[in-house]
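Given next are the chains, with one letter for each unit.
Protein chains: 2
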Amino acid sequence: MSIIVQKYGGTSVETIDKINSIANLIIERKKSGFDIVTVVSAMGKTTNNLIEMTKKISENPSERELDMILSTGEQITSALLVMSLKEKGQDAIALTGFQAGITTDEKHTKSTILDINIKNIRKQLSEGKIIIVAGFQGISHNGDITTLGRGGSDTTAVALAAKLDCPCEIYTDVEGIYGVDPRIYPNAKKLDYISYDEMIEMSSLGANVIATRAIEIGCKYHVPIYIALSTGKHKGTYIKEYDKSMESKVITGLTVSDSDLMVTINNVPYRIGGISNIFSKLSERDINIDMISQTAPIGGYVNISFTAPKDSKKLISNIIDELKITMKEIRADIEENITKISVVGLGMRTQSGVAAKIFEIFATNNIEFKQVTTSEIRISYTIDTKDKDKAIIKIANEFKL
Amino acid sequence: MSIIVQKYGGTSVETIDKINSIANLIIERKKSGFDIVTVVSAMGKTTNNLIEMTKKISENPSERELDMILSTGEQITSALLVMSLKEKGQDAIALTGFQAGITTDEKHTKSTILDINIKNIRKQLSEGKIIIVAGFQGISHNGDITTLGRGGSDTTAVALAAKLDCPCEIYTDVEGIYGVDPRIYPNAKKLDYISYDEMIEMSSLGANVIATRAIEIGCKYHVPIYIALSTGKHKGTYIKEYDKSMESKVITGLTVSDSDLMVTINNVPYRIGGISNIFSKLSERDINIDMISQTAPIGGYVNISFTAPKDSKKLISNIIDELKITMKEIRADIEENITKISVVGLGMRTQSGVAAKIFEIFATNNIEFKQVTTSEIRISYTIDTKDKDKAIIKIANEFKL
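Protein sequence lines correspond, in order, to chains V and G. Per full-length UniProt numbering, residue 1 is the first one in the first sequence, and the count goes up by one each step. Per full-length UniProt numbering, residue 1 is the first one in the second sequence, and the count goes up by one each step.
Among the hints, a few may not be true.
[As the list claims (entries may be wrong)] Simulated coverage check for chain V against chain G, where a stretch passes if three residues somewhere in it have a Cβ under 8 angstroms from a Cβ of chain G: (1) 10-20; (2) 57-65; (3) 71-77; (4) 81-95.
[As the list claims (entries may be wrong)] Which chain V residues stay away from chain G? Per the calculated CB distances, all over 10 angstroms, these: (5) Glu-106; (6) Asn-120; (7) Lys-220; (8) Ser-280; (9) Asp-286; (10) Asp-333; (11) Asn-397.
Just so you know, these hints were derived from the structure itself, not from any lab. Backbone N, C-alpha and C define an ideal beta-carbon position, used for all residues, glycine too.
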C-alpha cells in the first residue's frame with residue numbers, strides 16, 4: 001500500500017474538538033487506500049507557554065533541559081490524537097521522536113536530523129496502524145532529547161517522507177501558496193504548483209507557510225509536498241521539481257516585508273578600509289544585514305546603503321557614533337519607512353527584462369526605489385512604505401500574480 | 001563520596017518559587033558532602049489536569065498513550081529544577097525514566113520496575129553533577145514509555161536508593177510519621193522511628209505519606225527511608241528495620257478510615273453455597289471488600305458482614321436484589337455511618353492483651369463495635385462514626401501515641 005506522510009500544525013490541533021475533527025480526516029484518508037504517518041505540532045500556543053515558564057527561572061535556560069520541556073508539547077498532541085483515533089475504532093500508535101527512530105546532532109533547540117531508522121514505523125504500518133509522530137524532536141547519539149527549532153514539525157514530516165520515499169502533505173491554516181500574500185493583495189491567485197527553488201526564495205523572504213529547511217530537504221530528496229487547509233476541503237498547492245506541465249510564468253510570486261530599516265552612510269573614505277570597518281562592527285554585534293548597495297568611489301569616497309532589522313536601530317546608532325570618532329567626514333541616515341518588495345520566478349533564468357519592466361512600472365507610477373539587488377531567480381527593491389500598496393497592485397497586475 | 005537519593009512530591013514543586021527554594025536546599029545538601037540524586041513528581045495538580053484532558057476524548061483512553069502524556073509532567077519538573085540549579089551555578093542534569101535506565105514491565109499506568117541500569121547515573125555523578133530524575137516513569141523492553149501508578153515517584157526514589165545502595169529521603173508536606181494523623185488527634189506524637197512492617201500496615205490502612213510499594217522495596221533491599229517536611233527544618237521519621245535501639249512500644253500507630261460502608265446480610269442459607277454466591281458476585285464487579293465477619297451457622301443459616309468502599313453502594317444494592325431472586329429469605333442492610341479504626345504495632349507479636357485492652361476501653365466508654373479482625377501486627381474494628389472521636393482519644397491516651 002502507498003504511504004502518505006501528513007503534518008498538522010499547532011492551530012489545527014489547538015483544541016480537543018479540532019483533534020477529533022482531524023482524526024476523522026485521517027481515517028477517511030486511510031480508507032481511501034493509503035498507509036498514513038501523521039506528524040503533529042504542539043497544541044496552539046503550548047510551546048510559547050512552556051518557554052515563558054522557563055524564563056521565570058532563567059533568562060538563558062539550559063538548552064538540553066529546554067529541549068526536554070519543549071518536546072513534551074508534541075508528545076502530548078500525538079498521544080491525544082491516537083486516543084481519538086482509537087475512540088473512533090481505528091488502531092493507531094503514537095511515537096515520540098526517539099521512538100520514530102529520528103536521530104539528530106547535539107545542537108539543542110536547533111538540531112539537524114542526521115538519520116531516521118524507519119524499522120519501527122514500517123513494522124507498525126504493516127500491522128495496519130495509523131502512526132502519529134510527535135514532530136519537532138529527535139534524540140542525539142548520547143540519548144538526549146533534542147528539538148529542531150522553528151518549523152521543526154515541517155522538517156520532521158518532509159524528512160520522514162524522504163526516508164519512506166512517499167509524498168508529504170502539510171495541512172495548515174492557509175489554503176496554499178499564493179503569488180502574493182492575500183492579506184496584502186486580496187486579488188492574489190493561489191498557485192497550483194511552485195518549484196522548490198522558487199518556494200525556498202519566497203520562504204526565506206518571509207512567506208511563512210512552510211519552514212525553508214523542510215523545502216530544502218524536499219528538494220534534495222525529491223519529495224512532492226502538498227500544502228492545503230487542514231479541513232481538506234480546498235485544493236492546495238504542490239511544491240515539486242520544475243517540469244513542463246507547470247504553467248510557464250516569468251514571475252511566480254511577490255513577497256513584501258516591512259520589518260527592515262535602511263541605513264545610508266555617505267562620504268565613507270575608500271582608502272583606509274572604511275567599508276570593512278563598518279561591516280565588521282555590524283557583524284560583531286550580530287546584526288543581520290541584507291540588501292547592500294554601494295556607489296562607485298568618487299574622489300576617494302563612497303556612499304553605502306544596507307537594510308537591517310528594525311529592532312537593531314539602537315545598536316546601529318551606537319556603531320555610527322563609534323565610526324565618527326575615526327571617520328569624522330561620514331554622514332549617516334537611518335530610514336525606517338521603507339518596504340522591501342521581491343519578485344521570485346524561475347522564468348528569470350531564461351527571460352531577461354523583468355528588472356526593466358519593473359523599473360518602467362516604478363517610473364510611470366512615480367515610485368522611487370532606493371536600492372535594488374538581484375539573484376538568479378529573484379529581484380528585490382527597497383521603496384518608500386507610502387508607495388507599497390501602489391507597487392504591489394501594479395506589479396501583481398502586470399505579472400498576473 | 002556517599003550518595004543520597006531524595007524525593008520531592010508534587011506540592012513541594014508546585015510553583016517556580018518552590019522549585020527555586022528546593023534547588024537551594026539540594027545545593028546545601030551537596031555542599032555538606034554528598035552526591036545527590038533527586039527524584040521529582042509533576043508540579044501540583046498537573047497529573048490530574050492531564051487526565052482530565054484525556055477524559056474529554058475518551059472515558060477509557062489508550063493506556064500506552066496515557067502514559068506518554070502523564071510522563072511529561074515529571075519530565076518538565078526535572079528539567080525546570082536543573083535550570084534552577086544551573087542558574088545558581090551548580091552543574092546538574094535532568095534524566096527521564098528512560099535516560100535514568102529504569103526498565104519496567106508492560107503494564108501501562110501501573111507498571112513495576114524490573115531493573116535500573118545505573119551506569120549513566122554513576123557517570124554523571126562522577127562528573128560532579130547533581131542528578132534530577134523524573135519520577136513515576138520508566139521504559140518497557142519494546143521502548144514504550146510507562147508509568148508506575150499512584151505514589152510512583154516514591155517507588156522510583158526507593159528503587160534507585162536500593163540500586164545505588166544508599167539511604168532515601170522522602171520530602172513531603174507532613175513533618176514525618178505520626179502515631180495518629182494529627183488532623184484527627186492534635187496531641188499525636190511524631191515517631192522518630194517506625195519499622196518497615198508497621199509502616200506497610202499503616203500505609204495500606206490509609207496513612208498516605210508514602211506509597212506502600214515503596215516501603216516494600218525499602219524493606220526488601222534494606223534501604224533506610226527518612227520522611228520529613230520539604231523545608232528540611234524539622235526532624236522527621238526514619239523507616240527502617242526493627243532493632244533494639246527503637247523504643248519498645250506495643251502499639252506504634254492508629255489509623256482511621258471513613259471511606260467504607262458496612263454491609264450486613266442476615267439469614268443466608270449455609271447449605272446451597274449462599275456465601276460463595278455473594279462473594280463471587282462482589283468479585284465479578286471488582287468491588288474491593290475488606291473486613292469480613294461471619295457468625296457460626298444456626299439452623300442452616302448464617303449472618304455475614306463485610307466492609308466495602310462507599311462509592312460501591314449502588315453496585316452492592318443491585319447485587320443484593322439479584323441475590324434475593326434465588327435466596328428469598330435473606331435480609332440485607334447497608335450502614336454508611338461506620339468508621340474503621342486500626343491499631344498497628346510489632347509489639348503485638350509478643351505482647352498479648354491488646355485486643356482485650358481495647359475491648360475494655362470500648363466497654364467502659366459505651367462504644368459499640370460492629371466487627372473486629374486481626375492480623376499478626378494489627379487489629380481493626382468497625383464502630384459507629386458518632387463514636388469515632390471518643391475512641392481515638394481513649395486509645396491514643398491508653399497507648400501513648
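- Query: Against the structure shown, which of the earlier numbered hints fail to hold, in ascending order?
  - Reply: Checked against the structure, the only hint that fails is number 6, while the rest are satisfied.
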